[in-house]
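Novice: Counting from 1, one number per residue, gives the positions in the sequence shown under the working numbering.
Simulated from the structure, these hints should not be mistaken for lab results. Just so you know, not all the hints are guaranteed correct.
As the list claims (entries may be wrong) - Here are the computed distance ranges between Cβ atoms for each label pair:
| hint | residue 1 | residue 2 | range |
| --- | --- | --- | --- |
| 1 | R255 | T148 | 54 to 64 Å |
| 2 | R145 | M179 | 31 to 41 Å |
| 3 | R157 | Q325 | 34 to 44 Å |
| 4 | S295 | V133 | 48 to 58 Å |
| 5 | F221 | S79 | 31 to 41 Å |
| 6 | D34 | R283 | 36 to 46 Å |
| 7 | R185 | E258 | 44 to 54 Å |
| 8 | S79 | G296 | 45 to 55 Å |
| 9 | L290 | A158 | 40 to 50 Å |
| 10 | S65 | G324 | 22 to 32 Å |
Stated by the list, open to error - Simulated pairs of lysine to aspartate or glutamate, EDC-like, Cα-Cα distance not exceeding 16 Å:
| hint | residue 1 | residue 2 |
| --- | --- | --- |
| 11 | K167 | D181 |
| 12 | K167 | D262 |
| 13 | K224 | E206 |
Just so you know, even glycine gets a beta-carbon here, dropped at the ideal spot from N, CA and C.
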Amino acid sequence: MLGRDKYFIEAESSQRIESGSFASGDVCVSRRTDDGRTVLVLTHGRGSGVQANVTASVVSSMIVSYALRNTPIDQAARSVLETFGGRGSRTDASFAVADIRPDGTVRVAEYEAPGFLLFRNGIAVEEGDSGAVRERLVIDTRDGRQHTIHLSRFEARAEERLIFTTKGVLRSGSGTRRMPDGWGRGAVADYIGRLLNETDDLSAHELAGAVVDRAIENDLFRPKSDLTCLSVYFRQPRRLLLCSGPPFNETNDRRLAERIRDWTGTAVICGGTTAAIVARELRRDITVNLRRDISGLPPTSSMPGVDLITEGVLTLARVKSLLGQASSSDLSGRGTDFDLARILLGHDRIDFVVGTRINPQHQDPELPVELELRRNVVKEIGRLLETKFLKEIRIEYL
Numbered sequence: 001m002l003g004r005d006k007y008f009i010e011a012e013s014s015q016r017i018e019s020g021s022f023a024s025g026d027v028c029v030s031r032r033t034d035d036g037r038t039v040l041v042l043t044h045g046r047g048s049g050v051q052a053n054v055t056a057s058v059v060s061s062m063i064v065s066y067a068l069r070n071t072p073i074d075q076a077a078r079s080v081l082e083t084f085g086g087r088g089s090r091t092d093a094s095f096a097v098a099d100i101r102p103d104g105t106v107r108v109a110e111y112e113a114p115g116f117l118l119f120r121n122g123i124a125v126e127e128g129d130s131g132a133v134r135e136r137l138v139i140d141t142r143d144g145r146q147h148t149i150h151l152s153r154f155e156a157r158a159e160e161r162l163i164f165t166t167k168g169v170l171r172s173g174s175g176t177r178r179m180p181d182g183w184g185r186g187a188v189a190d191y192i193g194r195l196l197n198e199t200d201d202l203s204a205h206e207l208a209g210a211v212v213d214r215a216i217e218n219d220l221f222r223p224k225s226d227l228t229c230l231s232v233y234f235r236q237p238r239r240l241l242l243c244s245g246p247p248f249n250e251t252n253d254r255r256l257a258e259r260i261r262d263w264t265g266t267a268v269i270c271g272g273t274t275a276a277i278v279a280r281e282l283r284r285d286i287t288v289n290l291r292r293d294i295s296g297l298p299p300t301s302s303m304p305g306v307d308l309i310t311e312g313v314l315t316l317a318r319v320k321s322l323l324g325q326a327s328s329s330d331l332s333g334r335g336t337d338f339d340l341a342r343i344l345l346g347h348d349r350i351d352f353v354v355g356t357r358i359n360p361q362h363q364d365p366e367l368p369v370e371l372e373l374r375r376n377v378v379k380e381i382g383r384l385l386e387t388k389f390l391k392e393i394r395i396e397y398l
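Let the hints inform the model, and build the full structure from the sequences given.
Specialist: And the structure:
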């Protein structure tokens, strides 16, 4: 998030485990801090399998903990390397860290990582052209070894792409006739550039997936290493308004309807009573979809100016469960709950308007269970979207 009125950070990763292994040695972690920073960590544990995964997980957790406390990178790196520096010429883990601040400043620290790629206008830019300041930091550890950390700093611009990969992606295809030395950093950059020139608004999730899919193809569909790509997209935010529940005061019915009428972006209504209020105030017709929903939920409806109308609390509870179980923003199921979850995950800046009137058709006014359930479900959905998927969330009670 680079300012609520500027552009948004979409960060997604795609991974594939080495063929024959049961756990990935690559770990990708993302966090949004209280001061608005986005912290991204991509770690590769030496080798593959459970031991590599444990090492990478611990290293990632250490780095994130230091980053959240604003610890200088040299102190954080020294602590990690004292613990996981390895023996001889080998190290237990390599890592790349990106700290993206609300003012658009991007700081990157890399240790034995392939090096990030920065794309501007669909073209990979070199260090000097990108305006990035790059320096080497040499750290001496207690065992007498020296470790080199590469530090970079630059100002992000709208529509830029920042790409991190693990070494497995660059080495994919090695030993084949077509690419005996592996795919290579230059070829990866060329491939990404072609993708961006074909589809300039390709999402971070789609781009990361395309890179990993191509690496799998290079390895003849049997990955020889763990494969991971972390993609960051600085872009204009996609905005969503979700309204659920009638306003506490009927005098606010018009205000609710005007919020939807004046909204620029995607609009969703969860709740038949809420939809009826908006239709009445805006003098619009509601059309009910008579087809049975595969999810077992009540059928959806449509109204001019609203992208989706669903049932209320039950549908939101299903969506909360889906978001809690999802490991990425790629949901392949069918049904209204999946459709609504995909809409939420496909947007960056989400405003919830939650009505606080008790629906007399559902609950005794002396037992406001439905009201509390709606509030709690929306709060939990907002928390999941904010912490797990790095969305910007705002909840308003009406």
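Novice: It remains to establish, for every hint, whether it holds in the given structure.
Specialist: These are the hints, each one checked on the structure:
Separated by about 59 Å at the C-beta atoms, R255 and T148 satisfy the suggested range of 54 to 64 Å. The hinted range of 31 to 41 Å is satisfied by R145 and M179, whose Cβ atoms lie roughly 33 Å apart. Between R157 and Q325, the C-beta spacing of about 36 Å keeps the proposed range 34 to 44 Å intact. A C-beta distance of roughly 52 Å is found between S295 and V133, which places it inside the suggested range of 48 to 58 Å.
Separation of F221 from S79 is about 40 Å and conforms to the stated range, judged on CB atoms against 31 to 41 Å. For D34 and R283, the hinted distance range of 36 to 46 Å is satisfied, since their beta carbons lie about 44 Å from each other. Range check, R185 to E258: about 53 Å between beta-carbon atoms, so the 44 to 54 Å window is met. Roughly 51 Å separates the CB atoms of S79 and G296, a value that falls within the hinted 45 to 55 Å.
In this structure the supplied range 40 to 50 Å holds for L290 paired with A158, their Cβ-Cβ distance being about 44 Å. Range check, S65 to G324: Cβ separation about 24 Å, and the 22 to 32 Å hint holds. Using a Cα cut-off of 16 Å, the hinted pair K167 and D181 holds, with the two alpha carbons roughly 13 Å apart. Under the criterion of a C-alpha separation no larger than 16 Å, the hint pairing K167 with D262 is inconsistent with the structure, at around 48 Å.
A threshold of 16 Å between alpha carbons decides the hint, and for K224 with E206 the separation of about 22 Å lies outside it, so the pair is violated.
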